[in-house]
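As you go down the protein sequences, you meet chains V and U in turn.
Residues 1 to 453 (the working numbering) are what the first sequence spells out, left to right.
Residues 1 to 495 (the working numbering) are what the second sequence spells out, left to right.
Keep in mind the hints are simulated off the structure, nothing from the lab.
Given the structure is predicted, the values throughout are model-derived calculations rather than measurements.
Be aware that a few hints might be false.
[Unchecked claim] Some but not every residue of chain V turned toward chain U, in silico, with C-beta under 7 Å:
id, residue
1, G108
2, E343
3, Q366
4, G415
5, T421
[As the list claims (entries may be wrong)] Sample of chain V residues lacking proximity to chain U, with all beta carbon distances greater than 10 Å (derived):
id, residue
6, L83
7, Q222
8, P264
[Said to hold, decoys possible] In silico lysine to any residue, SDA-like type, Cα no more than 25 Å apart, as pairs:
id, chain 1, residue 1, chain 2, residue 2
9, V, K221, U, A454
10, U, K286, U, R423
11, V, K213, U, V124
12, V, K452, U, D301
13, V, K213, U, E199
14, V, K452, U, S410
15, V, K213, U, G106
16, V, K215, V, R237
17, V, K295, V, S190
18, V, K452, V, D423
19, V, K295, V, D309
20, U, K442, V, S279
21, U, K233, U, R221
22, V, K188, V, R280
23, V, K213, U, N126
24, V, K452, U, R278
25, U, K260, U, N231
26, V, K452, U, E371
27, U, K200, V, V110
28, U, K440, V, K452
29, U, K286, U, N240
30, U, K281, V, A396
31, U, K224, U, A122
32, V, K350, V, D423
33, V, K441, U, D228
34, V, K441, U, S410
35, U, K448, V, I200
36, U, K286, U, M275
37, U, K281, U, T205
38, U, K456, V, Q243
39, U, K286, U, D228
40, V, K441, V, R280
Heads up, the beta-carbon is just placed ideally off N, CA and C, and yes, glycines get one too.
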Amino acid sequence: MSCLRATVMFRDGLILATVFLFPSLLAAQQPTSKAETPKAYALVHAKIFTLAGAPIENGTLIIRDGKIAAVGGQVDVPQDAQLINAEGLQVYPGMFDPVTQMGLREIGAVSSTVDSTETGNYNPDVVALTAVSPSSEHIPVTRVAGITEVLAVPASGGMDSFGPSGVIGGQASAIYLAGWTVDDMQLKRSVAMVVNWPEIQTKTFDFATLQRKEKPYTEAKQEYDKQVTELTDWFERARHYAQAMGHAGPADYERDLKLEALVPVVRGQLPLLIFADRSREIRNAIEFCDKQNLKMILAGGSEAYKLKDLLRSRSIPVILRPMLTLPLYEDDPYDRLLSQPAELSAAGVKFAFGSFDNSFARRLGQNAANAVAYGLPYDEALKAVTLYPAQIFGLADQVGTLESGKIANVIVTNGDPLEITSDVRYLFIRGQLTPLDNRQKRLFEKYSARPKP
Amino acid sequence: MMATYTGHARLIVFAGVMALISAVVSMTLATTPDAAASAIILIQNATILTVSHGTIEHGSILIRDGKIAAVGQSIAKPQGAEVIDANGQYVMPGIIDCHSHIAVDGSVNEGSVSVSSMVNIADVLNPDDIDIYRDLAGGVTVANVLHGSANSIGGQTVVIKLRWGAPASRLPFEGALPGIKFALGENPKRSNFSIRGQEKRYPATRMGVEESIRAAFTEARDYKSKWDDYNKKTSAGEKNLIPPRRDLRLDPLVEVLEGKRYVHAHCYREDEILMLLRVAKEFGFKVRTLQHVLEGYKVADEIAASGAGASTFSDWWAYKVEAYDAIPYNAAIMTRRGVLVSINSDDAEEATHLNQEAAKSIRYGGLSREEALKMVTINPAIQLGIDKRVGSIDVGKDADLVIYNHDPLSAYAVVQMTLIDGRVYFDRTRDIAERVDREKEKKVLTEKEKKAAAEKKPEDKKSEDKKQNEKKPEDKPKPPQSGEGSAADSDRGAL
Numbered sequence: 001m002s003c004l005r006a007t008v009m010f011r012d013g014l015i016l017a018t019v020f021l022f023p024s025l026l027a028a029q030q031p032t033s034k035a036e037t038p039k040a041y042a043l044v045h046a047k048i049f050t051l052a053g054a055p056i057e058n059g060t061l062i063i064r065d066g067k068i069a070a071v072g073g074q075v076d077v078p079q080d081a082q083l084i085n086a087e088g089l090q091v092y093p094g095m096f097d098p099v100t101q102m103g104l105r106e107i108g109a110v111s112s113t114v115d116s117t118e119t120g121n122y123n124p125d126v127v128a129l130t131a132v133s134p135s136s137e138h139i140p141v142t143r144v145a146g147i148t149e150v151l152a153v154p155a156s157g158g159m160d161s162f163g164p165s166g167v168i169g170g171q172a173s174a175i176y177l178a179g180w181t182v183d184d185m186q187l188k189r190s191v192a193m194v195v196n197w198p199e200i201q202t203k204t205f206d207f208a209t210l211q212r213k214e215k216p217y218t219e220a221k222q223e224y225d226k227q228v229t230e231l232t233d234w235f236e237r238a239r240h241y242a243q244a245m246g247h248a249g250p251a252d253y254e255r256d257l258k259l260e261a262l263v264p265v266v267r268g269q270l271p272l273l274i275f276a277d278r279s280r281e282i283r284n285a286i287e288f289c290d291k292q293n294l295k296m297i298l299a300g301g302s303e304a305y306k307l308k309d310l311l312r313s314r315s316i317p318v319i320l321r322p323m324l325t326l327p328l329y330e331d332d333p334y335d336r337l338l339s340q341p342a343e344l345s346a347a348g349v350k351f352a353f354g355s356f357d358n359s360f361a362r363r364l365g366q367n368a369a370n371a372v373a374y375g376l377p378y379d380e381a382l383k384a385v386t387l388y389p390a391q392i393f394g395l396a397d398q399v400g401t402l403e404s405g406k407i408a409n410v411i412v413t414n415g416d417p418l419e420i421t422s423d424v425r426y427l428f429i430r431g432q433l434t435p436l437d438n439r440q441k442r443l444f445e446k447y448s449a450r451p452k453p
Numbered sequence: 001m002m003a004t005y006t007g008h009a010r011l012i013v014f015a016g017v018m019a020l021i022s023a024v025v026s027m028t029l030a031t032t033p034d035a036a037a038s039a040i041i042l043i044q045n046a047t048i049l050t051v052s053h054g055t056i057e058h059g060s061i062l063i064r065d066g067k068i069a070a071v072g073q074s075i076a077k078p079q080g081a082e083v084i085d086a087n088g089q090y091v092m093p094g095i096i097d098c099h100s101h102i103a104v105d106g107s108v109n110e111g112s113v114s115v116s117s118m119v120n121i122a123d124v125l126n127p128d129d130i131d132i133y134r135d136l137a138g139g140v141t142v143a144n145v146l147h148g149s150a151n152s153i154g155g156q157t158v159v160i161k162l163r164w165g166a167p168a169s170r171l172p173f174e175g176a177l178p179g180i181k182f183a184l185g186e187n188p189k190r191s192n193f194s195i196r197g198q199e200k201r202y203p204a205t206r207m208g209v210e211e212s213i214r215a216a217f218t219e220a221r222d223y224k225s226k227w228d229d230y231n232k233k234t235s236a237g238e239k240n241l242i243p244p245r246r247d248l249r250l251d252p253l254v255e256v257l258e259g260k261r262y263v264h265a266h267c268y269r270e271d272e273i274l275m276l277l278r279v280a281k282e283f284g285f286k287v288r289t290l291q292h293v294l295e296g297y298k299v300a301d302e303i304a305a306s307g308a309g310a311s312t313f314s315d316w317w318a319y320k321v322e323a324y325d326a327i328p329y330n331a332a333i334m335t336r337r338g339v340l341v342s343i344n345s346d347d348a349e350e351a352t353h354l355n356q357e358a359a360k361s362i363r364y365g366g367l368s369r370e371e372a373l374k375m376v377t378i379n380p381a382i383q384l385g386i387d388k389r390v391g392s393i394d395v396g397k398d399a400d401l402v403i404y405n406h407d408p409l410s411a412y413a414v415v416q417m418t419l420i421d422g423r424v425y426f427d428r429t430r431d432i433a434e435r436v437d438r439e440k441e442k443k444v445l446t447e448k449e450k451k452a453a454a455e456k457k458p459e460d461k462k463s464e465d466k467k468q469n470e471k472k473p474e475d476k477p478k479p480p481q482s483g484e485g486s487a488a489d490s491d492r493g494a495l
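All chains, full assembly: derive it from the sequences and hints.
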């Protein structure tokens, strides 16, 4: 069981106690096995926010074989469906967190539990899914917040990881937040190639010595230019490699796994997910992708507002880092990041919200709500954690809205899913009613029941 | 720290470049609040969350000379009163952050020794730290500014009011008892980092953490008895006595023994929490607050029995092993078992939405709205011994108030105004209105700088470049804000 595996490493005594007290809860960690699963579910009397049209009052949602079979005001309930009376509750598509290190990092400070960033600068052929641990405790903790699918993104930083590193970080994978195996969890193995756009850094911090380091601008610029030249070179070589691959005849080239991994990128089949925050880097990245004719998704985007027209005209979508972050500069308005989503939305830039983390993934809705507080229309905020990330990564035919034929990733809440105090009552992933239990809840129950000493 | 979120670590290193310009720009902000001072203010038509005696709909608060003069349904407007119409808005007591590192110049850790009680955060307060203003804009009016957690016994600490624009001497909360930081577990034993080539510092285990605290208090007790003896003899009329040699490291520990200085102890695991409570009992002092105390829920009864308060995070977890059993229900369990609980930030950004963080205990653990609200107002006020002055909206208390446009226990609430001592220190409308001027001023300064650089002869250019580079290290270090540098200061940070 997942909680056993992850916990035993640290606290043998505790987990024995947990098993003893809550044997039945342990079994609830994963989705119920197929043998016990009803063929279909019918959510009835719910207010349904399909995000593909107006909300449906007193609606019905039918889930069958992992998919949404029907949704609407007048829908027949199949006889074999397990009925869930959702009167007074609200139904939404599950939330989608497009930047996490889910399954790749368990405890930030313990390197043996961290698989999120490979060493070296250019790793196009590493794929997140390879290292996703289905037993990570972050998964059931995150889904309780109403998040049903995420991208596991290599080399994307996260809490206490000291920021992203490497230039080509590897391939991001889309995963469901439930499954017995990593194969169960796979939504799409490769959805984007991660690039951490190089920066001109005159000031750095050396974590080995805990010292600030300074270098002259010219030197920093040279290093930057060198990295961009290298990056250019990688794509040039990948293009040649793609040409060689395209010849029908016998392979007269040496196989190169790294270049092979870049072929879908140069062919326009796989977008780049480029991490950049300051306007200079964003602009340089856009110019680069223009020149190289590459499909770009921006991640981070703290200063995306400075380039909103450019981003819109190039149709470059943005995955915004959490709004609950301090502004970049001392003299930025205090609410610079909070008000940015409203500004981007008004300018017609497409964006989604990301947590950029694991333990803070459950703040995704809170971040979106804060953007609303600072002017973003509510519907846009809701779509920015459901439909828009799905669209941005080409998964909108499968997830992101409640429409028949789509994968049944569904949440049932007692209120606005973005609000802090709302609770998720039912959660379906791939049409399976998924337990809302997790290690934290078990600890809560265990210690709530502790007798007075 | 704190900012945790990817990317900012590398971004913030550039912030210093703008430091000169922004320093000038922020001066504008810094000076305005004084001008807006008014002796009598009447806040009208507000939903008032008093914390002490329920909610008053369409209520008024009268402020006179910085104090709350009246609270109620309807209060007649005194002559000359400035009126703040809070129609449709919510007023609550200013948020009190029981664990902060804002307004500190440079590192918050004197990490070279295991007992650094001789240093004092109050000596390095920086009133220009922009995080003071940012936290004000998040409704914070009082912060418990703590030393870092690198030492078993860390430096002395100070409670401040966020009087943005006032000099450092006016930041400390008048009459608030000073504190001292203790730290247990991974940080004082330096588990998660080491500096290459540097010898490992004692303590390196939880055994050593306890030992270093006991050793220090053993010394402090002897030192105290020498002074007690000397004072006794002197007051009995004995002459020509040589006083004991003064020890700056032990003086604050004697104050702890005498109950004149609060202990704020960073801790995580259940066993180390009980360890400290035992040591405190042995030496006869009280632990005022257990900070973070993420496994407090496991020993809530023992904490309650000791009388220590608990100041914790809403939902942080898994950043290190000792935070792996952290649960968002912690505050609720401890509250239910009779512990006085506050929700803190340990981070300049987190502090800007402590109202939201408090609300999480409604979902996780089922606390009531009132209980949630108390965790960022009256509870931290009691923990810091300032509850007679702040923490609720009652007649006679300091007029430290926050006005929100929406229910503050919601992610949709935005602070409109923050008052301290009846003075408006943050006004969202004014902040927005002043942005145009600030932008203009910045542009002028940037142009001026560019022009000056362009006027330099080409041959001078090189030496000028060099000069600028030489100057950079003098830039004010950023306050703890990103992974850069400040990670070492964070209690949360792996360091």
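Status of each hint after checking the structure:
no.	hint	in the structure
1	G108	holds, 4 Å
2	E343	violated, 13 Å
3	Q366	holds, 5 Å
4	G415	violated, 10 Å
5	T421	holds, 5 Å
6	L83	holds, 27 Å
7	Q222	holds, 14 Å
8	P264	holds, 25 Å
9	K221/V to A454/U	holds, 20 Å
10	K286/U to R423/U	violated, 35 Å
11	K213/V to V124/U	holds, 23 Å
12	K452/V to D301/U	holds, 7 Å
13	K213/V to E199/U	holds, 22 Å
14	K452/V to S410/U	violated, 34 Å
15	K213/V to G106/U	holds, 16 Å
16	K215/V to R237/V	violated, 32 Å
17	K295/V to S190/V	holds, 15 Å
18	K452/V to D423/V	violated, 30 Å
19	K295/V to D309/V	holds, 17 Å
20	K442/U to S279/V	holds, 18 Å
21	K233/U to R221/U	holds, 18 Å
22	K188/V to R280/V	violated, 32 Å
23	K213/V to N126/U	holds, 23 Å
24	K452/V to R278/U	holds, 19 Å
25	K260/U to N231/U	holds, 18 Å
26	K452/V to E371/U	holds, 22 Å
27	K200/U to V110/V	holds, 19 Å
28	K440/U to K452/V	violated, 64 Å
29	K286/U to N240/U	violated, 36 Å
30	K281/U to A396/V	violated, 61 Å
31	K224/U to A122/U	holds, 24 Å
32	K350/V to D423/V	violated, 28 Å
33	K441/V to D228/U	violated, 52 Å
34	K441/V to S410/U	holds, 23 Å
35	K448/U to I200/V	holds, 24 Å
36	K286/U to M275/U	holds, 13 Å
37	K281/U to T205/U	holds, 22 Å
38	K456/U to Q243/V	violated, 52 Å
39	K286/U to D228/U	holds, 20 Å
40	K441/V to R280/V	violated, 45 Å
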